[in-house]
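A.B. asks: Each chain, letter by letter, is given below.
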Amino acid sequence: MDNKYKQVVIEPVTRVEGHGKVTIDLDENNQVKQARLHIVEFRGFERFIVGRPYWEVPVLVQRLCGICPVSHHLAAAKAMDGIVGVDKLTPTAEKMRRLMHYGQMFQSHALHFFHLCSPDILFGFDADVAIRNVIGVIKEHKDLAVQGVMMRKYGQEIIKMTSGKKIHGTGAIPGGVNKNLSIAERDELLKDIDQMIEWSRGALKIAKDYTIENLEMLAPFGSFDSSHLSLVREDGAMDLYHGNIRAIDYEGNKIIDDADYQYYTGYIAEEVKDWSYMKFPFIKSIGPEKGWYRVGPLARMNTCDFIDTPEAEAARKEFMAVTNGKPNNITMAYHWTRMIEVLHSIEKIKELLHDSDLQGNDLVVKGERRHESVGLIEAPRGTLFHHYRVNEDDQVEMCNLIVSTTNNNVPMNLAVEGIAKEYISGKPEITEGLLNRVEVGIRAYDPCLSCATHAMGHMPLTVEMYDAEGKLVDSKSK
Amino acid sequence: MSEKFVFTIDGVEVKATQGQSILEAATEAGIYIPSLCYMKDLIPHGSCRVCTVKVDGRFQAGCVQPAAPGIKVENDTPELMEIRKDIIEMLFVEGNHYCMFCEKSGDCELQALGYRFGIAAPKHKYLFPDRKLDATHPEIFIDRNRCVLCGRCVNASRDVDGKTVFEFVGRGIDKTVAVNSDANLSDTDISIGDKSMDVCPVGCIIKKGVGFKTPIGQRTYDHEPIGSDIERRKG
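Protein chains in written order, with numbering that gives the first Met the number 0: chain R, 0 to 477; chain D, 0 to 234.
The following block holds chain R by itself, in its conformation from the complex (with noise of 0.2 angstroms):
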């Protein structure tokens, strides 16, 4: 290597889930020639959850999380309903799912919205750090705070009632759930239900009106044109709980469609990286050179064809006219897409609660064993996948995960390296600020790069530049 590289460390990354460092590498006319987002830790559920019982996993493999356990408690499920051979739910079952599904959606995308991405959006990029935070949050605007932590607290009493806890609860099980929605529990998610929709509202309209008004410097920010991947139900609705595989292109020509993800191993491969304990997933089609693609609230948007809820619908309208109906691919984008979800979330919990299915009390249904079997869900940051085959004495013999920050890893990559370049390159000093910059193009992703735990408060990022020796240059903390 030649010695006249330096390299800037950003480590940890801030205001993300779960523990992730950037390292950007720079020549001797501080030119940025590379970007990378590292995935540090290691979690290993794929190997150690071999030997267990099938019926334990819904419940073991959510702990990959405490944000959004649920998409993993469910995703688990559905591959373990295809292991007890049950493709059909009864509808108490799958609407208790449904209603689980979305309280989690609604708590997760509030949770990021207000919580990680707002001090962004509220102070700029280059704010004081000291004020560009979530105490900032609360102290300069604390009716937004208040609805943040209201509308998460919301979602996770949802997330109680159908699985018994707020974290880690129970409630799905192979083949349907173990309880329904008493009429007590219904009223009591009813009596704020309207509150909750017009915050949701409100949060739109912020996410909306800061990415139309700021779209000149937006668009082109970490942005690029991609593939787009998500579950699309028959119809062409979005459907964040079940559905086929559809990817589009970045001009929106079909790449997959209608593909059942039971066979998800036809058309998706993982690439493996020396650099990096996230794999890269792609489109098998095209090749792991080309072939990746983006996930989440955007790469949803960008792939059905209508929201099957009014507002979300009308939102969604409003969104996909900015690019006149073809893709969007301004990765600042998903903050907006992010909240047209949380109030579809809402509306769709509100339609629930309405619907007497809840309370049924035909919660499980049973079939014949199956070996093999495959479980995907539109979690909060995109479609997880969880595969698994199960030996004749009910243990697990293998386990694949494609979590679904792992779908967004070459995206979130060459954000942070399109952000480097322009930002960075050729600059005589590095400011935190530009720094930062980096982080809001991760951010917009809202990686779950662990899943359990993030900086809070005072927030221990250092930045440090060495030379190819590992000789330390330069360093700044905050």
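Keep in mind that the hints are not guaranteed to be accurate.
[To be verified] Incomplete in silico selection of chain D near chain R, CB under 10 angstroms:
| hint | residue |
| --- | --- |
| 1 | Tyr97 |
| 2 | Met99 |
| 3 | Glu102 |
| 4 | Ser104 |
| 5 | Thr135 |
| 6 | His136 |
| 7 | Pro137 |
| 8 | Ile205 |
| 9 | Phe211 |
| 10 | Gly216 |
| 11 | Tyr220 |
| 12 | Pro224 |
Quick caveat, the hints were computed from the structure, so don't treat them as lab data.
We treat Cβ as the ideally placed atom computed from N, Cα and C, and that holds for glycine.
Using the hints provided, position chain D relative to the given structure of chain R.
C.D. replies: Below, chain D alone, put in the same frame as chain R:
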């Protein structure tokens, strides 16, 4: 009917009949002596020592020590509570007890004792033993990671089911519950309706496919600590 006699537990007079253990007499009187390996209707063998009490100043296992006229029993004292807590903590670290994904969670007596004694995190080092699973039986699963060597399955199978499916093998730290076969559980004559299937205090011997069918909120210890049913008898 046997004649009643009187002894005291923490200064309170308790009536007992000949042949009753201290723990049985206390339970009838509405006094909770924490226990784990003891189970009503099985022959007690005092293996876990969670029910340790002091009888006239000497440590004894309450489940096997007969009640006797005039004895002075200490139960709810800081010294005994500390000893019991330490025993429970050692049981936690000696096995692999992952309550967060164990289907017995909420119904587990070891976990319930942990909560009752306020054990937030064990002070001893985890041993992380390498223990075997036995999933060969079509209806029954054994996860020895969770075994506390209480012996209930051994006793129930031998004394109630008349089958001797289970037996202890090994000594000291290597002691484990084996099945009476050259190979696995599927080679024994155990049946899902056996008493030995219903006695495990932890999630070691479980019925396949039941899993998490009981929702959180309806499990045995979701709303009150272990022993509350006994304490209510005092009225």
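A.B. asks: Checked against the structure, which of the hints given earlier come out wrong?
C.D. replies: 11, 12
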